[in-house]
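*Asks:* Protein sequence lines, in the order shown, are assigned to chains A and B. Here the working numbering is used: the first residue of the first sequence is 234, the next is one more, and so on. Here the working numbering is used: the first residue of the second sequence is 610, the next is one more, and so on.
Please keep in mind that the hints were generated in silico from the structure rather than gathered at the bench. Some hints here could point you the wrong way.
Unchecked claim - Taking lysine-lysine pairs in the BS3-like style, the calculated list, with each CA pair at most 30 Å apart, reads: (1) B:612 to A:670; (2) B:664 to A:236; (3) A:702 to A:316; (4) A:379 to A:515; (5) A:275 to A:515; (6) B:616 to A:236; (7) A:461 to A:678; (8) B:612 to A:240.
Stated by the list, open to error - Here are a few chain B residues that sit away from chain A, every Cβ distance over 10 Å (derived from the structure): (9) 621; (10) 632; (11) 634; (12) 642; (13) 666.
Beta carbons: idealized from backbone N, C-alpha and C, even for Gly.
So the chains spell out like this:
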Amino acid sequence: MKKNIIKIRIIFWTILVIIVFALFWFAVVPIGRVSYLTDFCKSSEFIGVLTPTERLDGDSGCVQKIIGDPVYFSLRTPRTFDKATMEIKYRTSENYPGVIEIGNLVDNIVWRYDLGPIENEAINKLSLVWDAIQEEEIMLLQRDKKYNNIQDFLDEIEKEDSEINIDELLLYNYDLQKEYILKDYVSSEENNSIVIPLRGSYQFYTYIKDEDLKFDFSIIDLNQNRDKDSIEVLVFYEDQVIESVELEDDGNNKDDSVMSLERNLNLNSVNLPEGVYKIEIKANNDIITTNIETKQSKLSFMNKLWIYNNDDDIENIDLYTNSNHLQFNTASPESLQTVTVNDKDIAIEETYSQYAVNVLRASSTELSKIYLERDGIIVSGNGLFSFNEENYFNPVIKKFDSNVDINNENINFVLADYKIPDVEGEWRIVTQEFNLKDSYREFYKYGFIISVPGLDSEDDINDWVEIDKIIFNLEGRGLFEKLKEILGF
Amino acid sequence: MKKIFLKELFYVLTGALVIFGLMELFWDRVVLTYININWVLILWLVVAIFILLQKYEINE
Numbered sequence: 234m235k236k237n238i239i240k241i242r243i244i245f246w247t248i249l250v251i252i253v254f255a256l257f258w259f260a261v262v263p264i265g266r267v268s269y270l271t272d273f274c275k276s277s278e279f280i281g282v283l284t285p286t287e288r289l290d291g292d293s294g295c296v297q298k299i300i301g302d303p304v305y306f307s308l309r310t311p312r313t314f315d316k317a318t319m320e321i322k323y324r325t326s327e328n329y330p331g332v333i334e335i336g337n338l339v340d341n342i343v344w345r346y347d348l349g350p351i352e353n354e355a356i357n358k359l360s361l362v363w364d365a366i367q368e369e370e371i372m373l374l375q376r377d378k379k380y381n382n383i384q385d386f387l388d389e390i391e392k393e394d395s396e397i398n399i400d401e402l403l404l405y406n407y408d409l410q411k412e413y414i415l416k417d418y419v420s421s422e423e424n425n426s427i428v429i430p431l432r433g434s435y436q437f438y439t440y441i442k443d444e445d446l447k448f449d450f451s452i453i454d455l456n457q458n459r460d461k462d463s464i465e466v467l468v469f470y471e472d473q474v475i476e477s478v479e480l481e482d483d484g485n486n487k488d489d490s491v492m493s494l495e496r497n498l499n500l501n502s503v504n505l506p507e508g509v510y511k512i513e514i515k516a517n518n519d520i521i522t523t524n525i526e527t528k529q530s531k532l533s534f535m536n537k538l539w540i541y542n543n544d545d546d547i548e549n550i551d552l553y554t555n556s557n558h559l560q561f562n563t564a565s566p567e568s569l570q571t572v573t574v575n576d577k578d579i580a581i582e583e584t585y586s587q588y589a590v591n592v593l594r595a596s597s598t599e600l601s602k603i604y605l606e607r608d609g610i611i612v613s614g615n616g617l618f619s620f621n622e623e624n625y626f627n628p629v630i631k632k633f634d635s636n637v638d639i640n641n642e643n644i645n646f647v648l649a650d651y652k653i654p655d656v657e658g659e660w661r662i663v664t665q666e667f668n669l670k671d672s673y674r675e676f677y678k679y680g681f682i683i684s685v686p687g688l689d690s691e692d693d694i695n696d697w698v699e700i701d702k703i704i705f706n707l708e709g710r711g712l713f714e715k716l717k718e719i720l721g722f
Numbered sequence: 610m611k612k613i614f615l616k617e618l619f620y621v622l623t624g625a626l627v628i629f630g631l632m633e634l635f636w637d638r639v640v641l642t643y644i645n646i647n648w649v650l651i652l653w654l655v656v657a658i659f660i661l662l663q664k665y666e667i668n669e
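Whenever a hint applies, use it, and build me the whole structure from the sequences.
*Replies:* Here's what the structure looks like:
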C-alpha cells in the first residue's frame, strides 16, 4: 500500500516538475532561437492584433484587412533578443497607394520607427523598364546600362572625379556613406541666431571646417504633461553618435502649465574634422527651444518643424525648402492663416486638419519659399528647411518617394536596399530583418508599425492591404553564452 | 486506492497552484501563455470536493 502511495506521488510530482521545466525552457529560450507565428484565426499570445480597429475592416475572417494608415502591433517576448527576421504574407487591392513599409519602435520619446520596405510598386515597375541588377538584398536600377555590377557602381561613385553626378542618383532604404565637402565654405566669425520658437524634437544638419561645433539652446518647459521633461542633444558624424549633452527636467513634474524660466543647454565640441554633422534634439512636446545661438553658418532642418505660438506673436516667417510635398497643420485657432508656397496660397481654415501641397520646381536645386503669416504651425515635408537662404545646404542624397519626378529631375540611377516580393498565387511574401538590440521594449513587448502612406479609411476609395500571416524568427544569446559572459570566460 | 489517488492529486495540484502563482508573480505571463491557471484551480476544487464527499460517505 505504502509502495503504491510513493509510486503515485513520484509520478504526479515528476509530471509537475516536467511542466515547470518546460515553462522555464519556453521562457528562457536557452538555445537563443525561437519562432512565433500568427495567422489571425485565433489570437496569438506573442504577436498582437493590428490596431487601431478604425483602420481595419473588421469583417475579414482569418486575415487582417488594413484600410487606413498606419496600423500598429506588438511582439511579446519572454526575454530580449538581438535580431528578428519577419516573414509577412499579404496581398493588396489593385488601386492601393503603392508603398508598404514596416518598422520597429526604436525611440518612445519621439515615437521613431526604423522603417524598411515591404513593397514599393514604383520600383517594381521601374525594374521592368530600366536595367535592373539584384545582388542579395541590394538593387541597382540604371536608365542606360553602364555598370555590370553594384560594386563597380559603388567604386565609381566613391571617386573624387566620379562620372556619376550625385543629383542623378536616388536612394531607397539605402545608406550611402559618401563624404560631402562644401568646396567654397569659409567659417564665419559672426553669430547666427534663430529666434523662432521650436516645439518638441527636431533635427538639423550643420557643417564645420576649422572651427568648433558650438550651439547654445535656450529652453523653456511648458509643464503641460506630467512626464519628466529632460532634453538630450545628440551629435552624429557619419551616422555615429560622437557626443551628447543633457538637460534635466526643471523640477516641476506636474501638469500645472506653469512655464519654467529660460534655461541654457550648451554644446561645444572642439577638434572635429571638416564635414557634415547631424544634431538631434530629443525632447517631448512640453519643451520649447526659444533661441538657437551658433557660430555655424550652415543649418538645414530635417522634415518637420513645429513653430510654437508664443505669447508675443511672431509674424511674417520665411522658410526655404527643397521639399516636393509639404504639409501644414495647426492646433491653435489663433494660428489659422493663409500660407504661401512660392506663389500659391493655402488657406489653413481648420485646426487639427492636414493641408498638403505638391510643389513644382524648375530644377531639383531650386528652393521653394514658404511664407507664414504667424507662428503656431507645424510644417512638414520630404526635404530640408531653413530660415534663410544663406543657411541652407543640402548634404543629403535624394530619396526615392512617390513625389519624385524621375524624368523631370533627370534621375539615371536608383540604388535600393530592396527586393521585389516573392509571389505565391495572389499572395506576396516578404522577409524583413530587424535589429532588436536598439528597439524599445516595454512590458515585455516590442512595438511595430505597418505603414501604407496614402491609405485613408475615410476616403471613398476601396483600397486595402490584407495580411494573412506573420512569422517572427528571433535570435539572441543562448543560455550557455550568457553564463559564459557572467562568469567571464 | 481511489482515495489515495485523489489525495495525491490534491497535493500535487496545490503545489502546482503555488508554484504557478509564484512564477507569474516574478515573470509576467510565463505560465499564462501556455496554461490557464483558472482550469487548474477548478480541477483542484473538484478533487477537493470528491475527497470531502468520500470522507462524508465513510463517516455515514
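*Asks:* All hints, please: hold or fail.
*Replies:* Verification of the hints:
1. For the proposed pair residue 612 of chain B and residue 670 of chain A, the alpha carbon gap of about 54 Å is over 30 Å, so the pair is violated.
2. For the proposed pair residue 664 of chain B and residue 236 of chain A, the alpha carbon gap of about 23 Å is at most 30 Å, so the pair holds.
3. Only pairs whose Cα atoms come within 30 Å are accepted, and residue 702 of chain A paired with residue 316 of chain A is accepted, the gap being roughly 20 Å.
4. The hinted pair formed by residue 379 of chain A and residue 515 of chain A fails the criterion: a straight-line CA distance of about 43 Å is larger than 30 Å.
5. Pair hint residue 275 of chain A plus residue 515 of chain A does not hold up; C-alpha atoms about 39 Å apart against a cutoff of 30 Å.
6. Between residue 616 of chain B and residue 236 of chain A the alpha-carbon distance is near 15 Å, which keeps this suggested pair within the 30 Å criterion.
7. Distance restraint check for residue 461 of chain A and residue 678 of chain A: the Cα-Cα separation of roughly 22 Å lies within the 30 Å cut-off, and the hinted pair is therefore satisfied.
8. Straight-line distance between C-alpha atoms of residue 612 of chain B and residue 240 of chain A comes to about 15 Å, which keeps the hinted pair within the 30 Å bound.
9. A cut-off of 10 Å between C-beta atoms contradicts the statement that residue 621 of chain B is not in contact with chain A; the least separation is 4 Å.
10. Against the 10 Å criterion, residue 632 of chain B falls within the reach of chain A, whose nearest CB is about 7 Å from its own CB.
11. Under the 10 Å C-beta cut-off, the non-interface status given to residue 634 of chain B relative to chain A holds; the minimum distance is some 14 Å.
12. Non-interface call for residue 642 of chain B relative to chain A: violated, since the shortest CB-CB distance, roughly 5 Å, does not exceed 10 Å.
13. Its beta-carbon lying about 20 Å from the closest one in chain A, residue 666 of chain B satisfies the requirement of being farther than 10 Å from that chain.
Consistency note: the structure conflicts with the earlier hints numbered 1, 4, 5, 9, 10, 12.
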